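Undergrad: Chain order of the listed sequences is A and B. Each residue of the first sequence is one higher than the one before, starting from 6 at the first, in our numbering. Each residue of the second sequence is one higher than the one before, starting from 3 at the first, in our numbering.
The hints are simulated quantities; they were obtained by calculation from the structure and are not laboratory data. One thing to keep in mind: the hints can contain errors.
Just so you have them, the derived chain A footprint on chain B, three or more residues with Cβ under 8 Å [as the list claims (entries may be wrong)]: (1) 116-126; (2) 194-201; (3) 271-284; (4) 324-331.
Counterexamples of contact, computed for chain B against chain A with all Cβ distances above 12 Å [unchecked claim]: (5) L54; (6) T87; (7) Q95; (8) I235; (9) S243; (10) A248.
To give a feel for the contact side, a few chain B residues facing chain A, derived at Cβ under 10 Å [stated by the list, open to error]: (11) K22; (12) E24; (13) S26; (14) T29; (15) G30; (16) W32; (17) T44; (18) S45; (19) R129; (20) V130; (21) S132; (22) E287; (23) R291.
Small disclaimer: the values here were computed from a predicted structure and weren't measured. We treat Cβ as the ideally placed atom computed from N, Cα and C, and that holds for glycine.
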Amino acid sequence: MNAVIETQGLVKHYGPVVAVENLTLTIKAGEVYGLLGPNGSGKTTTILMLLGLTEPTAGEVRVLGFDPWRQALQVKRRVGYLPDSVGFYDELSGRENLHYTAQLNGLSAAEAEKRMDDVLARMGLRDVAARRVGTYSRGMRQRLGLAEILLKQPQVAILDEPTMGLDPEGALEFLDMIRGLKNDGISILLASHLLHQVQAVCDRVGLFHQGRMVREGTVEDLSVQVLGGAYVVRVEVDGPRLETALGQVPGVVRVAFQPPRTYVVESRADIRGAVAQRVVAAGGTLLGITLERLGLDQVYARSLQEVRHEA
Amino acid sequence: MKPEGATRPGGATRPGGATKREGSPWTGLWAVTAKELADHLTSVRMTILELLILLTALGTVYAAIQTLRQVVGEDPFLFLRIFTTETERAGIQFSFLTFLSFLIPLAAITLGFDAVNGEHNRRTLSRVLSQPIYRDALLLGKFLAGLLTMAITLLALWLLVTGLGIFRLGVIPSGEEVGRGLLFFLATVVYAGIWLALAILFSVQFRQSATSALVTFGLWLFFVLFWPVVVGIIAPVDTFSTLAQAQRSLFLSRISPNTLYTEVVVALLNPETRALGPLLLTQLEGAIRAPLPLLQSVLISWPQLTTMIAEILLLFAGTYVLFQRQEIRA
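Using the sequences provided together with the hints, build the complete structure.
TA: Given below as structure tokens:
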């Protein structure tokens, strides 16, 4: 089976509040899928339904071919979950916390010891494994959470806001570890509102807004789809106005003039050379030229504008 | 993409359908119980309580033995008297039993008041429930661990008291005394179970541990201090039949688990007890004033004992329903 997670027309209401509305989602084996959206957009609710911890109001869910609500044990045996701001038993050591998880998973004592040694070493926690978790930093807790997932040797890992509260360096390191999970062949569902951090690891993303999936695709696809282009070239020019001239450069989607002398050129490719030539040919003096890649932040902001506009 | 229908989720087992959930609800029960038991036995909270129980119990027992030493040889149930003999010190009458009936609920509530909301507040609940266990196992595991902790403490206490009795009185307990003592121990564990179940119920209901602790302790105080007063007020006065009135107020007072426990213990520890309600003189006519055999005493206390067990089951069922319906997200 190619899809590890499938939902169809998934709906969740909390009383009158609609948390998730008609969600259809497919996550393929081996991919890293980013569920992106602001807080309260239904990401965590979706995850809880995938794990059978909340009953859907309507719709279908299949995780690895199992129904999470009726076959919860089958699903939870194969899926690792790192909750939003994960908590551990502070009075126990990191290793003791893992030991409890191993027991809940029914691992034999010998197998548990072996796996614990492996995952603690892999997450760089071997030296602190005997310390109380109460003394751990936020980054160490997050890594212990990842160690707990690895302990289960899951087929799917679901991570809710894994980089929240980490410093930029810690976040990068953590994202690297997530890539490591992918290399192990684990499919990953990653929910986050920190778009710029997450776009680097995700194969595909789905943008969430008020319980609905607004857009879905790879980061590049979305940039082209939503913004028209994936690049922005900023040109500083002394001389006559050049909007029309720049608009004729192949690949340009949109040109905007920012006084006093900057043009913002959106394009589908890196066209700095062509732009520079056109400026000079049109009699302008080129003062500077820079290239920016559009990120998910812009895609998301633009998508939401469109959604609001439609509504 | 994919052909529609080939791997399309759906079919017979749609959510909300009649299909039952799969897998044993007790998967992981032992892991939860063992972990919680270890937590209880090493926690500072429990150590302090155990010390408190031990000191007060030994103090009262020692005082009782001092009194009993004068009557060794006259009383066939010396070892039961250790528990019930009241000593007066500084104008306060107390016995091992009165202390125990105070301390048991205290300890049981302390073990249970933050069972579920504590996990919630530490944000461990969603992580634990994402492991391959059902909520049933978590709840029952916590209850069993609490009950086992109480049982271990009480068993140690009972053995200590009996040992102290042998040592200080110089007599060996008879088989019947041991039997009655064991039943007394079991009844006490059941009594502890009621308060434990109640504490866990409130720990599911209230998100704040402080709230659940206060409500459970409040309810306990209500039953210990105010319920007898309330019964006196609301039991209707019947000028024609004192018997009917006595029975009504007895019925009301038995709503309190405190009353039930006291009655069970009275029947078990005082073999002379013939009934746990009002007894007419005519009913006693021709009766020989002698202790009842163990089985008869058990028979007398049976309704109370089963009621206590039923109360535990009801409280646990309520907790279970509440917990199953609860959203676990923070």
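Undergrad: Of the numbered hints stated previously, which ones are contradicted by the structure, given in increasing order?
TA: Per hint list: 2, 3, 22 and 23 violated.
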